[in-house]
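J.: Take a look at the letters that make up each chain.
2 protein chains.
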Amino acid sequence: MNASASTSSPLLTDLYQLTMLQGYYAAGMTAPAVFELFVRKLPPGRNFLVAAGLEQVLAYVERLRFDAAELEWIGKSGLFDAGFAARLAELRFSGDVDAMPEGTVCFPNEPLLRVTAPLPEAQLLETRLLNLVHYETLVASKAARAVLVAGGKRLIDFGLRRAHGAEAGLLAARASYLAGFDGTATTLAGPAFGIPVFGTMAHSFVQAHDDEAAAFETFARAFPRNAVLLIDTYDTVAGARKVVDIAPRLQAQGIEVRGVRLDSGDLGALAREVRAVLDAGGLEKAIILASGNLDEHRVQALARTPIDSFGIGTSLVTSADAPYLDAVYKLQEYAGKPRRKRSEGKATWPGRKQVYRERSSDGTPARDVVTLEHDRREGEPLLAPVMRAGRRVAPAPALDAIRAHAHRELERLPPRLRALADATPPYPVEIAPALAALADTVDRATGGIIDEEKQ
Amino acid sequence: MNASASTSSPLLTDLYQLTMLQGYYAAGMTAPAVFELFVRKLPPGRNFLVAAGLEQVLAYVERLRFDAAELEWIGKSGLFDAGFAARLAELRFSGDVDAMPEGTVCFPNEPLLRVTAPLPEAQLLETRLLNLVHYETLVASKAARAVLVAGGKRLIDFGLRRAHGAEAGLLAARASYLAGFDGTATTLAGPAFGIPVFGTMAHSFVQAHDDEAAAFETFARAFPRNAVLLIDTYDTVAGARKVVDIAPRLQAQGIEVRGVRLDSGDLGALAREVRAVLDAGGLEKAIILASGNLDEHRVQALARTPIDSFGIGTSLVTSADAPYLDAVYKLQEYAGKPRRKRSEGKATWPGRKQVYRERSSDGTPARDVVTLEHDRREGEPLLAPVMRAGRRVAPAPALDAIRAHAHRELERLPPRLRALADATPPYPVEIAPALAALADTVDRATGGIIDEEKQ
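In order, the protein sequence lines correspond to chains A and B.
Numbering-wise (my numbering), the first sequence opens with residue 123 and increments by one.
Numbering-wise (my numbering), the second sequence opens with residue 123 and increments by one.
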């Protein structure tokens, strides 16, 4: 077992999931359980989330099984009873999953995903489901902010090198693309997800040449249609002049410089100077790509400059202003009885829930109501079945279809939620009377659970 | 190709590495290049870094090759010349790596790692080397802060669910363990790295039972020596009383409760109350483990309470106060000529470098000097050969040996650097006259490079 096998290993979980499973099996507790995954609150300055990660969850759940090496480790670890590994060898996911489609705009206390399955199966999923949905939702939500303020300019994920490991880099490419980015520099996201990949050149390419203009010429010859030349290694405006100087000779050989990249300094001012140099030199079609410590605030500030494309890296893939969400996966019902955790500051809403979104006549979301699944309300229900008895109810949607859905969702957001600062008032998410009443009833019962027959 | 294959795929890289490779091959630029990986500055409130990730780097470099599916994608992508895939098919890493041992305390502008290899090979490594070293160094550096203020109390990584993807979770377990944590809840870190794994129970286990005491009893029976019972689902002190109530009956059957976990509320005050309840009930040996929104500041504040162990999750694995480092991998020499990037605010020190650490008589680090490799200085050189001609110079050190090295490093830190706030003065890292002189010479030469013969 090594790190490269880890994305699908059921041992990529908290040990307590396994200790609890042994406890559940020992006590014969295999009745149906309902868990829901939700975010308790928004980070400061954030007005909404964009649900993402469901496709990776379903792929994981479908393939869930312990292989021989994993079972052997469990048997020899000294942590478990003798029969436990044999029991795990039989474990498959046989339950149901309901979820919001990826790309859906959502809010705190709304279940993004619900798992209904025999307790050990539903319990075992917790860690990896959170690990996947938390991160992709985090990045999609961050990316959407840049998309909303970019004024239609092209946005590219440049973050792999400072993403937190391999999977973060790859999933950040997916999450930002589905939220409206135009592509990524992460090559593997091309073959893995069909995402457009973009590349320019690094400073090392320029530095490795004895002369900056020679570096530009080498690169342009290697990519006669697609070369984007990095011009800030020594002096940005002088770099632009060198591009203009070599352009006629290249054009005579059928080579068109696609554009230039700025990666340091006052990007707005430099973009204006560089645009003037390029235009005066006959390179009106050459684009200007900017990168270097960008985030959605910088993109907003630079949206009206001559910059055509933004490469956004570290701040996007680490969600630097809010590197995590308060995402949890909580037991809401077991063996037909609603359950409620009442820990200080961490109480949950019990029961199987649905979210209804009410819209204004123009389609703008006006209010969400969280209620019990059987309490049919006005509006559009946001959770839909995606897996039944361990099988997907439909093939995975194309990533571009998810991206189109996210685009519609973002387009219809009320203006105050599209802003980068806290919206006043925040989007209303209301708890329906039926749900509040159930929570009260559960609270009155001893120990936070209730026998439905006594309701 | 899918995400689960991604940790070793050479396509897990920025597209520009591949476009530059095509450019280098086209121009015949395969002379030796020297790249160094370093961090430009410390995040606010941080006084040092702990180098980590080298082992994953070496494993990646040793196995570096494009497989048939990857080459096919490159050939069909339309992004590259016809002969490029064939060239990549032959690519292996044939160069040298020098590095600081993992667990070494280090500072900005000090190379953590140097790669010397034919330019295309050294260039291609950039993205994944940064991705690995950046993240493990980030987490090891964060973890060391908690270790330094924990007063010897046990620290356990609880972060997988909110780590940024699978690899982040797994590598966070490794990086925090090498920095002095006692173990992790991430099960796979046991078989993958030999790290001690710890597990308790979740609220769902308690909630799934109709009665909290029944949940405790089920779990204690399943783990007659190791049960750590989560007591805050409904009321923490009442939970402790239930543990005391059931203990005699369990003890009569040879079952000892190992301890209790608190996960919410005022952890210090609750730990005192719970300790009193446990002691009065004859459970003096039962430990108290605390978790829930902990970081090094909370650990410091709680170090003198009756809490025995801390489970630290999200803040650790996302390095929440500083979710990234300004880590870069820069060309310092090509074809025997030192190179310097001079971009505004991002200038580099040219040439092949070494770091010398000068110590006081008691072993406390007093000053680091960054100089050229051949400029022998006082003190201990921090970079050592780890790979020559594509082969490791020695087998990988055991993780516990790395952890012991980190322990010695942290033990010898001057008190002002061990604090959680900015040290005054910061640790001195000086640029040696020989290096400053080379930088000046390079700057005077056109384009930021210099012909060594003219020096």
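Hint data in this document are derived by calculation from the structure and do not stem from the laboratory.
Treat the hints with care, since some could be wrong.
Where chains are identical, the list cannot tell them apart; a pair therefore holds if satisfied intra-copy or between any two copies.
[Unchecked claim] Under the rule of at most 20 Å between Cα atoms (straight-line distance), these lysine to aspartate or glutamate pairs were calculated in the EDC-like manner:
| hint | residue 1 | residue 2 |
| --- | --- | --- |
| 1 | K407 | D448 |
| 2 | K459 | D218 |
| 3 | K407 | E395 |
| 4 | K407 | D367 |
| 5 | K459 | D562 |
| 6 | K468 | E177 |
Since this is a predicted model, take the numbers as computed values, not measurements.
J.: Please go over all the hints and tell whether each is borne out by the structure.
T.: Consistency of the hints with the structure:
1. K407 - D448: So K407 and D448 fail the 20 Å test inside a copy (45 Å) and across (34 Å) alike.
2. K459 - D218: Within one copy only: 18 Å inside a chain, 63 Å across chains, cut-off 20 Å.
3. K407 - E395: within (15 Å within a copy, 72 Å between copies)
4. K407 - D367: Within one copy, since 16 Å is at most 20 Å while 79 Å is not.
5. K459 - D562: within (14 Å within a copy, 75 Å between copies)
6. K468 - E177: Close neither inside one copy (28 Å) nor across copies (40 Å); limit 20 Å.
Hint check: violations occur at hints 1, 6; the rest are consistent with the structure.
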